[in-house]
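Novice: Sequence:
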Amino acid sequence: MRRAAVLQRANTRSRLPGAFSASSPFARGQIRRLSAEGCNRISCTTTRLAAAPVTMAWSKRGLASSSDSAEEQRAMNVFNRHVKRLQRDRAAADPESQDYDYLRKEIAARLADRLNDILDREFPSVLALGGAAAGVAEHLQEIPGVKRIVQLDSSLKPERVVADEELIPFEEGTFDLVISNLALHWVNDLPGVLAQIRRVLKPDGLFLASMFGEETLWELRNAFLVAEQDRDGGISNHVSPFAGVSDVGDLLTRAKFALPTIDQEEVVVDFADAFTLMRDLRGMGESNAQHFRRPYVPRSTMYAAAAAYKALYGKEDGRVVYMIGWCPHESQQKPKERGSAQFSLKEFAHSVGELKVVDDNGNEIAPARPGEGPEAGGGDHSCGRH
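Numbering-wise (UniProt numbering), the sequence shown opens with residue 1 and increments by one.
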């Protein structure tokens, strides 16, 4: 199987320990004890991780009217797009940036698998949207029928069309396919971006995307929450809000995509410690970019958060939400009108009642009546009967 790191599907979630929450008195006592011992209890190794399946969560954001002040407009926007662009530029300029692409490459491969599942369709013109578009483009080049790939990203470093993902600068009906890999969780106006994507699609064009989903990085969020409560007497934002599966489905419907399909995967990545996790997030360009983030975190709080992470978790799990939507077209399947059914449920129940049950020799078996059979308690099989 394709793996940039050692990836395996996580069927169950492992939370350590499961008997108490991160904010419990026991947990806070453990964190106080461990962080007091200093960094010698925190293994700051840089070993590459063992990873597994993914998803991402988003909280509803309002839209400001033209009469709102600049501060009110900023309050409506969760993410600082300028800071996010600088983070992506820094990650792209890093000579070791390929070392941090393991997750994007894995999800890009899974997006390509979903695209290959769509049979008898060609997508000559493709828009790859977002910072991870290069990994997707590599897979698109292997798909028959793809003739033109346009990459759009807000970062200046990679060679592509430079534009903010929130303002897609293409005419209506330009592309047969719009694909986005782990980029849409940083946009402020997700409903507006989805509407723009549908606008640039040709009729019966396809939109396929992945984004981080609900509860991604919840372990790191809890570690900072406990550390700041203990050391600073308050809390601040360190992990972005992410969209849930139901939110994404509602937004696709709101943007008037036809035949919307949503699914979710869980991905678990093993990290040596919280510092290794934050280093990888920085290398991916996925550091915190919220407007009201804390500008400076004291060293003692960082050590306390790392100790909490080490004591309670030791691994990071998240969710990747995959979404599929089609630009409406008259050839697509549509629900039948109410009352147009040719077969009633009453007739169906009657036909089921006429079915015959036979054994291995073809002999008909009479159906059991109520009160008969082992389940009814008859016979000598009952416990305690002599």
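These are calculated hints, taken from the structure and not from any lab test.
The reader is advised that the hints may include incorrect statements.
Below, computed lysine to any residue pairings styled on SDA-like, alpha-carbon distance capped at 20 Å [to be verified]:
(1) K256 to H329
(2) K334 to T253
(3) K256 to D189
(4) K202 to P260
(5) K256 to G244
(6) K202 to V78
(7) K202 to G283
(8) K147 to D189
(9) K256 to D270
(10) K202 to Q264
(11) K334 to S236
(12) K256 to D204
(13) K334 to T174
(14) K334 to L259
(15) K202 to L167
(16) K334 to E347
(17) K256 to G145
(18) K202 to P328
(19) K202 to Y100
(20) K202 to R254
(21) K256 to V200
(22) K202 to S125
(23) K334 to G244
(24) K202 to T174
(25) K334 to V245
(26) K202 to G244
(27) K256 to P203
(28) K256 to F170
(29) K202 to V245
(30) K202 to L312
(31) K202 to S331
(32) K202 to A93
(33) K256 to V150
(34) K202 to F170
Novice: Has the given pair, K202 with F170, been kept, meaning a C-alpha gap of at most 20 Å?
Specialist: holds, 12 Å
Novice: Checking one constraint from the list: CA of K147 to CA of D189, max 20 Å. Satisfied?
Specialist: With a Cα-Cα distance of about 31 Å, the restraint between K147 and D189 is violated, given a limit of 20 Å.
Novice: When you check the alpha-carbon spacing of K256 and H329, does it fall within 20 Å?
Specialist: Cα-Cα ~12 Å, so holds.
Novice: Is the hinted pair K334 and G244 satisfied, with a Cα-Cα distance of at most 20 Å?
Specialist: violated, 26 Å
Novice: Between K202 and V78, is the straight-line Cα distance small enough, at 20 Å or below?
Specialist: Roughly 31 Å between the alpha carbons, so the hint for K202 and V78 is violated.
Novice: Would the hint linking K256 and G244 be met if the CA-CA limit is 20 Å?
Specialist: Holds, at about 19 Å.
Novice: Given the hint that K334 pairs with T174, does the C-alpha gap stay at or below 20 Å?
Specialist: violated, 25 Å
Novice: With the threshold set at 20 Å, check whether the alpha-carbon distance from K202 to L312 stays at or below it.
Specialist: violated, 49 Å
Novice: Given the hint that K334 pairs with T253, test it: the Cα-Cα distance must not exceed 20 Å.
Specialist: holds, 14 Å
Novice: Please verify whether K202 and V245 have alpha carbons no more than 20 Å apart.
Specialist: Measuring from Cα to Cα gives roughly 26 Å; hence the hint is violated.
Novice: K202 and R254: Cα distance at most 20 Å?
Specialist: Judged against 20 Å, a Cα distance of about 18 Å means the pair holds.
Novice: Measure nothing beyond the straight line between the CA atoms of K256 and V200; if it is 20 Å or shorter, mark the hint as holding.
Specialist: Status holds; Cα separation ~13 Å.
The structure fails to meet hints 6, 7, 8, 9, 10, 11, 13, 16, 17, 19, 23, 25, 26, 29, 30, 32, 33 from the earlier list, while all remaining hints are met.
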